[in-house]
Structures are given as C-alpha cells and as structure tokens.
Amino acid sequence: MNELPGNTKIGLEVHMQLNVGKLFCKCGSEGEAEKMGFTRKLHSSSGESGSQDISSVFEESRNRTFKYIIYSNSCLIEADEQPPTQINDRALKATLSMAMAFHSSILERISVMRKVVIDGSNTSGFQRTSLIAMGGTIKGDLAEAGITAISLEEDSCRKIEEEGNMVVYSLDRLGIPLIEISTSPDMKTAEEAISIAKEIGNRLRVMGLLKKGADAIRQDVNFSMGYGRVEIKGVSKLSAIRDILLNESERQQKLSEAMEAVMKRGGTEKLDFKDISSMFLGSNSKMIRKGLEEGKLIYATILKNFKGLLKANGYRVGREIADALKQVGIKGVIHYDELPAYGITVGDRDEISERMELKENDSFLMLILGRDELDIARFTIEERIRKLLSMDFSETRAVLEDNSTRYMRPLSGSSRMYPETDIPIIKVHEDLLQEASRNSPGSMEETIGRISEEYGISGQDAETIINDQKVMYLRELANKHNGKMISRLITQTVPEMEKKYGREMEWNTIVGIIKYCTENSLGRYSMEKGLHMLFSGIPMNEILSHKKLMPLSEDEIRKMMKTRGIDKNEGMSRTMDILTSSTEGVIDPSIVARLINTKKNKDSN
Amino acid sequence: MNELPGNTKIGLEVHMQLNVGKLFCKCGSEGEAEKMGFTRKLHSSSGESGSQDISSVFEESRNRTFKYIIYSNSCLIEADEQPPTQINDRALKATLSMAMAFHSSILERISVMRKVVIDGSNTSGFQRTSLIAMGGTIKGDLAEAGITAISLEEDSCRKIEEEGNMVVYSLDRLGIPLIEISTSPDMKTAEEAISIAKEIGNRLRVMGLLKKGADAIRQDVNFSMGYGRVEIKGVSKLSAIRDILLNESERQQKLSEAMEAVMKRGGTEKLDFKDISSMFLGSNSKMIRKGLEEGKLIYATILKNFKGLLKANGYRVGREIADALKQVGIKGVIHYDELPAYGITVGDRDEISERMELKENDSFLMLILGRDELDIARFTIEERIRKLLSMDFSETRAVLEDNSTRYMRPLSGSSRMYPETDIPIIKVHEDLLQEASRNSPGSMEETIGRISEEYGISGQDAETIINDQKVMYLRELANKHNGKMISRLITQTVPEMEKKYGREMEWNTIVGIIKYCTENSLGRYSMEKGLHMLFSGIPMNEILSHKKLMPLSEDEIRKMMKTRGIDKNEGMSRTMDILTSSTEGVIDPSIVARLINTKKNKDSN
Amino acid sequence: MAESKKPEIGDLIEFTWEGQRFQGTLLSEDSVYSNIKLINGYNISIKLEDYKILERSITRTQEVKRDMKVLGKGKPISLITTGGTIVSRVDYKTGAVFPSLDMGELTSRFPYMEEKFSINRVDFSNILSENMEPDQWIQMAKLVDRELKRSEGVLISHGTDTMSYTASALSFMFEKQRGPIILVGSQRSSDRPSSDSYLNIEAAVGFSATDFGEVGIAMHHNSSDEKIDLIRGARSRKMHSTRRDAFKAIGEGPVGRFQDGLVNFIRPYIRRVEENTISTKLEKRVGMIYFYPGLSVEEMEKNLDGKRGVILIGTGLGHIAIKHLEAIKEKVKEGMKAVITTQCIFGTTNLDVYSTGRQMKGAGIMDCGNILPETAYVKMMYVLGNYDENRFPEMMRKNMRGEILEREEMGVFP
Amino acid sequence: MAESKKPEIGDLIEFTWEGQRFQGTLLSEDSVYSNIKLINGYNISIKLEDYKILERSITRTQEVKRDMKVLGKGKPISLITTGGTIVSRVDYKTGAVFPSLDMGELTSRFPYMEEKFSINRVDFSNILSENMEPDQWIQMAKLVDRELKRSEGVLISHGTDTMSYTASALSFMFEKQRGPIILVGSQRSSDRPSSDSYLNIEAAVGFSATDFGEVGIAMHHNSSDEKIDLIRGARSRKMHSTRRDAFKAIGEGPVGRFQDGLVNFIRPYIRRVEENTISTKLEKRVGMIYFYPGLSVEEMEKNLDGKRGVILIGTGLGHIAIKHLEAIKEKVKEGMKAVITTQCIFGTTNLDVYSTGRQMKGAGIMDCGNILPETAYVKMMYVLGNYDENRFPEMMRKNMRGEILEREEMGVFP
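For the protein sequence lines, the chains are A, B, C and D, in the order given. Positions 1 to 605 (this note's numbering) are the ones given, in order, by the first sequence. Positions 1 to 605 (this note's numbering) are the ones given, in order, by the second sequence. Positions 1 to 414 (this note's numbering) are the ones given, in order, by the third sequence. Positions 1 to 414 (this note's numbering) are the ones given, in order, by the fourth sequence.
Keep in mind that the hints were calculated from the coordinates and are not lab data. We treat Cβ as the ideally placed atom computed from N, Cα and C, and that holds for glycine.
EDC-like, lysine to aspartate or glutamate: derived pairs with alpha carbons at most 16 Å apart:
# : chain 1 : residue 1 : chain 2 : residue 2
1 : B       : Lys26     : C       : Glu409
2 : B       : Lys26     : C       : Glu406
3 : C       : Lys302    : D       : Glu298
4 : B       : Lys548    : C       : Glu275
5 : B       : Lys311    : B       : Glu257
Across the chosen pairs, the derived CB separations fall in these ranges:
# : chain 1 : residue 1 : chain 2 : residue 2 : range
6 : A       : Glu162    : C       : Lys176    : 48 to 58 Å
7 : A       : Ser278    : B       : Lys35     : 49 to 59 Å
8 : D       : Arg285    : C       : Asn40     : 52 to 62 Å
All chains should be modelled from the sequences, with the hints used to inform the complete structure.
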C-alpha cells in the first residue's frame, strides 16, 4: 500500500517544552541527579468504571513499584509531598501568545485539571493540564486545519530503566511546562499533516522559550480510516509521519479483514485455558523448561475460528494479543501459527491440537504463566479480541524504531480528568493578554521584519535571536534605544562567555542581571561585568547586592588616575588594568580614553 | 626499707559501686555499646587561680579530643545534653544506711556538688558528689579509725583507649552511684590500714547492692610521712597495700635526700633551653632521627646542681620529670644519667655538656619537641622541680602493676568544687532515715542472725543472700510470713533460671514481678511463672498487664479438667501438662493433686 | 429550546462560545460564570449565554455511596470513620471532593484481607479534624469502647490536623483496653492514585489485629511507600504540613512497623487486657497559652480567666517572662493549675536549672518532664476530671500512657 | 567570741556540728539554715549554732569583674553582650552563677584571635532572653547599627530561649547591612568545662569576619564539638530544650559551617554592602494565637481585641476551627490583619487545598508559604510598622530576608 485510504482523517497534537522553569513550582529547567530517591506505588481510583478504566485496572494489577531519582531541580512538589504553587507566569503568557497566533479564543478563566496516568510517569498519578484556548485555524503550505484546543500541561518523568516490577524514573523533566496544540482531523494525507506540523513548529520556534534538546517539540498523530481513532504517540521526526501512517493503515486494513474472516466463520468463543504442563515434562524447549523450573505452568486455550490469522498471509492478530499481554507484564505467549519454534516441534503442536480438540478453523494459544497470572491473562486476551471484533480499533499506540506502532493503552477518556482542587481558577487579566499579544509569533519572515524594525537591529541578528529561542528575552529586556546593545549581548557576549567559561547559565539569571542594569541605568560595561561574575559562579544576590556594577563617574576615574600616578604614556590597555585592579566599580573605557587624551593634550599644551 | 617511718599516717577512701541504676538518670547499671558516638573538648574554667589549677591548665593545654561511645544504658544526661534528674532514691538510702552503720552524723539537707575533672572521664567536665554524713568511727581487727566523710558520687567513664590526642571513653559506667567512705589518717601501718579497709568492705557487702565486677570496691590510700599528703588512686587488692606504701615511702625518702643535696649545692636555676638540633644532623640515634624527620627539634637545658640525682644511687628525679611531662603529652625526654643510650654515645653526651657549658654539679635534660611544645615543657619541668624542692610532695598518684606509683595530677582542691545548680537541695526526711535504719549493716555475724530470725530462714540461706548482695531485696520483698518463699526465690529459683536461660536479668525487674505478686496476693506459682516469662524475654508490661499471673480457682480447675475429659488415671504430671496448655492462667499443682485424689475417691466410691 | 428551560446542575447541554458549538455537563454556576465539563474532560468556566439542554440529569444525588457495613470473614475489626483527607474522594463528573470509604474497594486492594479480617464499619461523623472539640473525643471514646467489646481492634480514620490530639485524648480516657486503637490518616487524599491512604490503611488494619493495648497512629515512615510506623498516640505530633511522613514519635522511635504485609514491634508496649477501663470525664475549663516576647500581662490575665488549669508553652527548658508571674501566682493561689511545656517540642522542661525556672516554681507553676504541649493539654483535662486536686502534681508527673519519657536517648533527635 | 559577733556572708568561721569542729566560709543564710562551704570544698546546709569567726570577709563584692574593653590588633569586631547561659559563670567560692564574659579569657583560648581580630566589647544589658521585649530588639538594632559603623562584624551573645526571635527582628530591621550580625548562645553554661560556648564563640567570631550580609545564629551542628552551623536568623528555631544542636534551619540547611578554624559557606547568602539601611519601626499591637481543639470563640475574641494584626498558629496546612471565622472576619473588616502559620513548624501553609482553608481565605485570613510562626510574628510587626496597609499582603508574601523558602527540598526534613 502506498497511499492512505480515501476516508483518512489526520489530526495533530504538537507539544513544546518551555525553557522557563517548572509549571507549578519554583524549580529550574535543568538539574543534576542527587543521591537520594524514594519509591511509590500508584493505585487506580474508584469512582470510575467501564472500559475506559481498563488501563488503570491493568496498571494497578501489575503492582509495580516506581522509584524516583531526586534531581537538584526538583522539590517537594515533584515528589508529590506538597501542593503545587501558582502557575508559572511566563509559561502561561507564552501559551496565550501561541493562542493569539492562531486566533484561538482564549478562556477568561482557566481551570487546572488532573489527567489520571498511573504508569508512574507522574508521581501524583496524574498530569496537570489546563485548557487555555479553543478554536482558530492554522494554515500550512498544503493544507489548513482547525485548532480544537491549546493547553498548557506538565511534562512527565523521564524513564531511566525498567526491571521486573520496578520502574525507575528521574524527576528532572517532571513539571516542565508543555504547550499542547491540537488540531481537528482535517488533514487527509501525510504531506498535509507534515505541512501543518511544520507550520506549528515554526510558530513555536519563532515565539522563543523552546527548551533545548531533541525532544523539545514532539507530536502525536491522530489517525482514522473508519475503524475508530488511533492516537500515535511520540513522533519526533516529521519525515517519518508518512511511513508511520502507511504502516498503520495497513495494520488496520489487515486487522479488519481478519476480523471479518472470524465473523464469517461464525465468530469466536470464550477462552478455556487448560493446564497442559504435564505434556512438557521432558520437553526440549528451553523456554518451557525455564518456565517450569520457575514454577510456572503451561496453559493453552483454543482460539475458535482464528486459524491462519495469527501470523500468516500478512495477518498479525498474534502480535496484537502479545502486545496487549506485554502491557500487563506477561510475556511467553506462543500461538499455533508460530510453530514449530522455541524448541516446540510440529509433533508437539499436533499433540496439543489433539488434546485441545481443535476444530478445522481453530487456532490455539499457549502461555507460560504463574498460576496467579492466569486471570489477568485471560481477561486481557478476551478484552483485546472483543475490541478487535468490534471493528473499533481506537487506542493509543507508540511508534517503534521501524516506524510501525505498538499497543500502549486505551485512549484516555474524559472520565479520568477531574479538577486540580489545589489550584484556584486562574483569571486571565487584560494586562496579561496585552503582554501576550506583544509576543504573539507571526511567521518567521514577519517576525524577523518586526523585530529588526522594533529594536533597530539587523535582520540577521533578529533571525539568530529567534532561532536561539531568545526573542522573549529580547522583548523583555530591550526597547528602541538599547535594542542593539541587548541584541549584541544575546548574540555575541553571552555565547562568548559560554565558550570562555565552558558552561551555560539559566537565562532567568542572565535576564536578572541585565534587567538590574537597565533599571538602574547602568551601561554595557556594567552588564558585561555582571555577566562575567555570574559565569564565574558568583551567586546572583552577591552580584546585585554589592555596588560592584556601579560605573565610576568621570571625576572618580580622574581622581583615581591621579592617585595611582598614571602617566599619559601608560597606554590605554595598561591604564585599564591598573584602574580595574584598584576598584570594585565599573570603568567605562571610553571615559578613560577621553581622559588620557585630555591629559595628553593638556600636557602637550 | 622494710618498715614505714614512725611518723607515717595512713587514711583510706573506700568506694563502692551500687547496683541500683544510675545516680542522676533512669538508665540501668549494665548496657551494650551502640554504633554512635560523639566527640568533645573540655575547657578549664576561669574564676579559679593559683597552683591548684595547674592540673586543669595542663589538661586544657593538651587540647585533647574525647570520644564517647554511647551505651544502651546511657541517655542525654550522660551525654551532657540534659540536666540531671532527681537523685536515685535507693542509692541515697544505701548511703544513709552505711552512715548509720558507722554512727556518722547525717546532714539534714544534702547539697550536690560538682568536682571539676577535665581529663574527659566525665562528659560534663565534673563529677557530681554530695556529702551525706560526717564523723563516726570504724573498728577493725587491729585498729580504729575516725570517719571524716561519707559521700555519694557518680562513677566516671571507662577509658577504652588513648591514641595521640584522642582518648576514647565508654558511657556505660558514667553515673553509676559510688558510696565513698573516707577515714581520718589514723592508721600507722599497712596492716592497720588493711584491717580497716577490710571492715569497711565487709559492711558494704553486708548491706548488699554491690555491683558485680572486680572493681566494685576500690580504695584510695592517703599516705604521709612528713612531706605532705599523697593520694594513691586505684588500689584494688588490699594485699598490695603494704608493698605500695613501702615503695612510696622509699620514693619520698630518696626524693627528700636528693632535694637536700641540690639545696646544699646552692639550689638550682631557671631552665634555659637551647636548640641543639644541628649537633644531631648525622646522628645514629633512631629516636632522634625520627624526631627530626617529624619536624621536631632537639632542645637541651642545664639542670643546675642535679648531677647524679636523676638516675643513680637510688635517686630517680629523672623519672619524676618524665612522669610530669607525660601528663602533658610530652614524651622523648633524655637526661644525662641515662647516657649512653638510645643511640646517643658518651661522646655525644660530652659534646652536649661542653656546648651547654655544664659545671661540675650540673646535669642536663634533652627533649625532642615540636617548637610549639617548648613553653609547656619548660613550664611543666620548672613546676615539677619547684614542687619537689618545696619538700611538699602532696599530689595524686596512680598505682602501677609493680606496686610502684606514678604521678597523676595535683591534689584536687576545694576551689574546684562548686554546687550542682541543676539539682535543688535534698531534704533528708524522717521516713527516709527510718527506712535506711532498717537496712543499716551490722557485722556479718550480727546480720546473719538478725536476718534469719526476722524472716524465719536458715543461717546458711541468710549468708548466701548477704554474699549475693540481695539482702536489700529480701528486705524490700519479704515479711515474717513469706520470708522462706522469698528466700527460696532469691537463693534457688532465680539462680536456676539464670542457668536455664543462660542470662541474667536486672534485679529491678525481678523485684517488680515479685512485688506485683505479693501485692496481689499471688502465690509461689504465679511468681515462678512471671519469672519464667521475664527470662524468656517477654517485656515487663506484658507480663503484668495480662491476667497471666492470676491463679485459677479450684472451681475453674475442676471445670477445666471436666471439659478436657481428664481421667483419674492420667497421672499428675500429664494432667498438669494438659491443664497448663489449656489456659493462660496459673495452676497450683497442689489443687490439682487434691482434685485428682477426690476424683479417685469419688470414682472408687 | 434554550429560552424556555434553564439548565440545572448535571444537565448535558449544547452551547455556543466564541462562535463555536460545544457539548458538556453543567457542574456549577455563580451569578456570572457557569462551570461546564466538556466531553473531552476539561472543565471550562464561561459566561453561558446560548445553550440547549440535550439531556436532563436524572439523579444528582451526591450522597455517600457506601457499600456493605461488614466485609470479610476473619478476625473482627471495627473501622470508625470520621472526616478528613483519608476518606475524601473526588466525584469525577463534578470534580467535587466528598467523603467516602468504600469497604469493598478497601479489601479488594488487599485480597488477603477478606480472608483474614471481618471489618465492621461504623460512621462516627464526617467532621473535619480541625473542627473537632473535646466533646467529640468523649463521644468517640464511648463508640470505641462499644466497638472494642465486639472487635479485636479498632481502626479510626481521622483527619491528620488534630489526629494527635484525638489520639492523646483516647489514650488517657482508655485506662485499659481490650484491643488496639489505631488512628490512621492520609496526607494525600484518596482520590489521587498516589494517595498514602492505601498503605496506611493496610498497615493500620495490620496493627489493629495485634495485642497492642495502646492508642497508636499509623502513618508513613518516610516518603516512600514502604514502611508504616506505629506511633504511640501520646508522643505523636504532626511535624510537617504536607509530607507523608509528617507524624513523628517525638523523643522516641515508633513502637512498631509494618512492611511487606508484616507487623514488627520495635519498642515495648502495653499489651491488651480482657476488659476496657474507660473514663470519659474531661475538665474543659483548661487552656493553652503560647508565650512569646511582647505578650502583655493583660493578655496573659485574659487567658487565665475562668480556667481551672492552663498549659503554658514556654521557651527553652520551660520559661516565660518574669513579668507574668504575679498574675499566675494569684490564680494558682485561687486553685488554678499551671503546667509549663516547651515550644522546642523536643527535650524536657526543668524549672530547677535557671533562676527564671526557680521563680516560676515559686509562682506555683510546675514542670512535668518532656510531655508534649498538646498532650499536656489533654492530660490536664483528664487529670482534673478524674483525680482529686491534691493528687494533681503527682498524676501530671506520672507517666501514665507513655506520654512522659523517663529517658531520652541520643539518637532520637533529628 | 561567738556571742559578740554575728558572722556575715563570706566570713571564715569555725563551728561545732554534731559534736565535731569544722571550718568553712559562710555562703548564705535563711531563717533556719546556714549554707557553709567547708574547707574540703563541700557545701553543707545546717543550723548554725555554735560558731566563732576566724576571719572576716574583706570584700564580698560580686560585681562583674570584666577586663579590658578592646583586645587584639586585627580586624575590628564588636561583641555585644546580653544575659543568658553563654555569659554565665559560677563563683567558685559561693557557687552563685553570675554573668561574665572575660575577653582576655576568650582570646587566650584561641591564641590566633589576638592576631586576627580586634574585639571591642559592648554591654547591652544583662537581660535574660525570656524577658526580652520588642523594645529591646529596637535598642539592640540601634546599638548594632552603631557598632557596625566601626566594626567589620557584630557578634551578639544571647540567651538561647528567644534568640531566634531576636535574630528575626534584627533581620527585618536591617534592610541592608555593612557586615555580618551573628548571634551566639550556649546550651551548657560557660562555668562547666564541657560548655559549648567556647567553640560557638570561636565560630561566631569566624563568621563575623566574613562578607555575610545577613543575621545568623552560630550554634553546634550536632552533639560533638566539631562543627558549628551558621543558621539564617529568619529560618532558625530552637528545636530542643537542652541539646547543644538545638538550633535548626527549618526547611533548609545551614548557610555556613565552621570547622577546624575555617568558615565554609554551603548555601547562597546576601553579601554585606557599604552602608547599613535600618528601620526600627515595629508595630507592637500584634499577637500570636495558638489554635487548639477546645479553644472557645470567646477566647479567640479576647485575643483579637485591640490588635492591628495577629499570627494564627493553626494545624496542618494552616487550619483553625470554622467556628472562629466569624469573629476574625469581623475584625478583618475593621482593618485587622490575620496571617495563618502552622504548628507543624515544617512545611508550608496553603489555604487553597481544603474547604476549611478556602473558608478561612473568605474570612480574610492570608497564608504566606512556609514562614515560621515566630518569624511571621516579628515580620508582621515590621511590615505594619513600615509599609502602607495596602501593601501588607504583598510584603508578607514576599521573601524579604530568607524567611520564606520558595522551594523545599526533599532532604531537609528529619
């Protein structure tokens, strides 16, 4: 198949990580691992019911332990040991700006919600998310799409490793703000989807504040072709969208054919597991021997009317079942179509078939299971088959490296969303809207033009600043008069310092110093000195509390030159050295140059 | 010398450790080391002055660190982290009893004092002590002596090890009550002293409450023969007293002769240390090479007019100096009389003599010292020589293994004693005196007679109880009617259990159970059951809170026998087994026997 | 249509906002804003102008849906429920938090429970712990007494804010008890998957089936979902406003620990006895006064007024400014009792060490070791309610329920 | 002879007791007992009947014998002395404890000190810390201001009982400061060889010679004589009545540490500036109210009476019983300020989490994060004294002196 079916509908959810500290606490964007950690269990909550909750029930039945590694950019809030603080102002403003860019209607009052997720990726067992705006449109090169929602949510934990029943997460990413832009399913081809995704990505970049790292922009793709909506998570490269969607449409096509075949044969029946361990007491299969040694049993069940559909002729129902079982921690499923394999011979297969009294159209499944796992396995397989037979393949799937997808969990439904009671409703005030409006990103070209005009800087500098995700800072710091200086600081001074000191500083602190200088009318030399101190590792409060950033007046410099006995012949650079080592204040070299010249002139007079 | 001089005066201070928990907190007598510990420094306090304080000044100048190992029988009070609680009632009563035994006059109001000791043996830097009684007499076989004081004080820490500037102590012994009985210097011979010490020891034993262990009774011996009073600490065996005193009198005799010699030669002069390190740059002396490698220097000073007195003809002034230096942590002293030795040749010696410009009667001292140790060394030696020349040899000395003694510290003076402000004055009430009077120990024979009569027990049992230090407990528990039973418990039941369970329990807890039973009129079987539970490791509160010690009534036993269908033919022992396993209560075997017999009789009727 | 009917809470409506059409459930309204749950799950708060009712809500009852009162077939345990975080549950539809403790859910989480226990639920009152009063303690004691007669242990779900006060009060009122009395709370409400209530309750049930004859609190040992401590009620204190491991046994460690389904006792405790002995007499004319620099003598006098006894929460070893002593002395002469405790929380009081302390003693103020201020308050109510006046000092200083530590070990201060 | 003269305090006398003759110094007398120090050092308390005066006491002055006011020749440091354990010293003759801080002794213990510092002693007042009042804080601030103009750092020896209050008060009054202001106390009085004062003072001098531009407390890190912590004044609290390491930096660690003669800073701090900025205006009509179950509405009202502001010390996240809200609301309407803090001491307040909190907000009570109750009290005095009414909420919530932690890390709760 080289084309998507004609009834294809594609929608996008684009996520952007913001580089403005965390969403509901005062922690920074980056941190280092600490020695401590803690472990938690998560429980599905009652009060919910029905198939939507199946994922929670599954999760809990796995009884997993989650271990969290504490990072220096995490606090009691990430550890779920303290209620969240107020929402991050910068993050909210950025989201409002994005909403304006797409003419999405902004809610006057914002409610923060909790979306239940109990795979451990959130210490609380839920992700905080808030709907900021609805509606609007986005135009790409090839298509136009409606915006359904723009939300602001917390990023989840990074998964470090998974071993048996223990999953290890780190807390550094948890709570990083994510802007989520969801479109209507208005795209029909992969190319249209790519063009829309590109446009959204560009706007996000133009606005600035994008966090560094490969996964700072991630998209989920919603896909449907008549068998319900599949949400494909974690598409990081746009170029892969086409392959992913083609694979997915083929999967759904084959699956629907397989299910039709089953129905035609008269449908299937309830599973009936039999313990057939005794058949394998002398088996040569390593897999089976190992299972038996671990005290597990070998179960088999007929899959009525599934013959030839599990793994043959392009049908892959076996994998659908195995994927579902994997989600509840059960491996070791073997089916008829695979055999002979794993040391199980054709003879074995036929013996099983006989023992199970297989009819012509039937297939069978074998499971190597602990006795206590049987119920959950049965439930999982039956649920999966029921789902497939319903011809509604709606679910959440994850992208694999080969651009195929894997079953992840049911679609999370609205019933798992409820208000974050710890945070009062946020009122979006007029001044917030005005500020956001200033930063609302246009297209790249528009924005370059606007910025270079507004701050009197070159188009090239403007583009660098935009690409560097510093445009918000430029806006925060610069005005018509000092635009050039701020632009130079962003594009030259700071990168030079990063090089020189071999480290990067949080922009919050850089902005702090520059703001202090502009507010106190201190010039370029004070700013540079402040930044040097910052990069040297001197804490903010020290840099700002001393008078170290105050420039000396012409008089003071003159006096100092006199007491230091500086000769007109010392030369500019030596003079500067002497002066800077004699004072904690800031010396403007232009004043010194002027004074030397005056001195020379005087002397020569 | 085989006899002590005619003007000899000997006094005794006998100390007895009590087995009643600690004096100023609620910790027990025995404990186990815990993993934790802490370190402290001690400082001499100002406000004192004069030579009495020299020992404190020395101690502090050593800048030692004391490390304390926490024991399970120590709390914040031993750690000097909490003010003391009220005085241990039993300990006070025992001291009052002792005072009465010697007709010593008891103070109506007792003030607890602090005696400053800064060698680390007390975490607080002082020992708490209180004067309980003064006056009275004690008669031994060979002599009679006045009692000057009877006090009650805290024992100090056990020293575990000493390494460089670090001394390690354990907290288990700190705070154990010590009764101190001091006599007047009324004894003239070692034999008289031994007879008095024996008598005191007997009385202490007769009273009971002596803690277990070799050093539960320790005596200090005060000795004088005209050169001031020497306090000899830590004489644990009475038999050694004679040798110790002979050695000490010889030491004083020789020392006085040596000092007379110095005075005759015209006295001595201030020390004048010279750095003679350069003389030893190529020395073969290991000791000196090592010192120089450690950055130390070699100092020497003339000891004017000390020739032949440092270590020759029985004179041992060199050792006096070395001992004093050792007390301030300085080793590595070498003197003229010793040489050649330590790889220092006669040639070296003469070269030094020449360099130092030694006169005929002079000797010299060499010291291997850090530069910063010189002042304290000079001060220490000068003080020591001044002291010896004064012909007042008063000081505190410690017994060595060979029954000689070693300089320990100056006599602690009254100026280092001040009130324990944390404990209000204790009023000795009439009822306390009456109780104490009951326990006041007579001689062994008297006491055996009195006890056996009072409680209706055999003389042998009475003696065992006295020797076992249980007489106080007998008195606390027994009356005329149950004396035999209590005696049996003490002399048989408890020792049997100690054997059976391979452990000893604190007598406080044993007393607790027996008291509970006597107060609740529970008999022998209840007591035994309670003790069994105690030795099995069941906590006190459990033993006493349940009804497990309650004896079943005859009716209850009869009913139980019936429901259990116990046949007359079961036999006594099997019946007891069945019954005890059917109830938590206590079963009196005599009742069972009676019931079996009745049953038999009935049946046979 | 829209004009004819006004939507009611719970109705599914269709409405227009900013030119777009939406569907959602009406959750609440004020004079201006309507709170609507959209079908995608988000709540929005908007001015509702143009709407149509699609479906009327059939029931909007927010009644507590509680299941059966007894569950399981093992050892009888009683579960007494009060308000507080531990029984809070969110209504996912409206987002409202309401009290609930579903027994079936409780036991289904721990499959062994139905085998091992027969849990009998009794609802005390849905009062939040910060609103509890001494009267409620008394009612609670009576209920516990009743339940302990038919159960082997009593479990009380309680808000954490004043849980230590209630635990202390029960400690004193129960002079002897037939079985464990275990209070359990949670610091994260049960409506969140990360709630500490699950493990706390599991442990509390475990503790309540032992021979522990005291009042204890079962809460997390540290931030991990691993160990639950059993803390003696009269030494317990909430020491952190938000953490799971907020409750500490001040000056001693926990008495017991629950881990991997098993109870282990660490410290000695009183065992249960055959019969309860209970006295619910509490003197209520008792108060607590927190001393601080700047507290005026007039204020002190106001707070002493009408009291039979006061707990002073002083500084350090138990000190207050000398200027207050006259007023107190006056009241003590008239029969009022005054007991000093310390703001330090850790460590003992002692009026013998400093001159201020000795002057306070002179004014008739007494110390009683390291009793916690809150426990001292409850104890004073109990002692004044049950003992003769002249036994007051003796009883206050006596360690009755583990509330006074005779020894404080080195390792128990953080 | 005996009949002619009565002995006076300090006299050396000979007397008979129980038929024995003794000599000793008369220390004190009451109507019945005489307290005598025997020549062997023991004190006895007896009825003195038959005595003879051997030697009249020449001086019995118990005046504080203080030595020179300035010592050393290095960096100028001011040492301001107040009362308290740290300056207590016993008179070995009489056993009386009296205040003293001998500069010569101080520096002689640490020989390097005379080289490094020039310590200038100023006596503030011999007041015990429990008797300190806000007025003294103001006087102290003025004195510190004066001293900081000539010294590079100021050291204040202070009783530990209310040391954190004073430290907080100075923190707020000093908006900017020319040098470190270090309070130092001791938990074992200087008259005992084991006193913690020596090391505490050594460290405090060390801290006072840095560029620390805040108010800090220097006390033991743990029970060992090894490390001294520098604790930010506004986050400090005395958490144990008797231990050396009683002072803790609640919710954060210490800012700095002194060990082996060296100062190390662990956390960021404000550096000193060129000039002091100080405001000594404090509103004194401010009070603290400790909430507890059983506190009546009448008592609450009494305590609100006449106040411009109150700090409520509530439970948990900052709760009080709902029944009190009406009275508070009434007062708030009349202009009174009400701020909630928590008895838990550790952790933040937050009135948004539970319904009680939201009702409290409705009554006009405000929270301000994790500020300590005592610090909040002092801060309220400062804010009401220096800022316009309408800036009150903003200023109370603003972290001015490190008193509010914006982040609380996992590791800082014991």
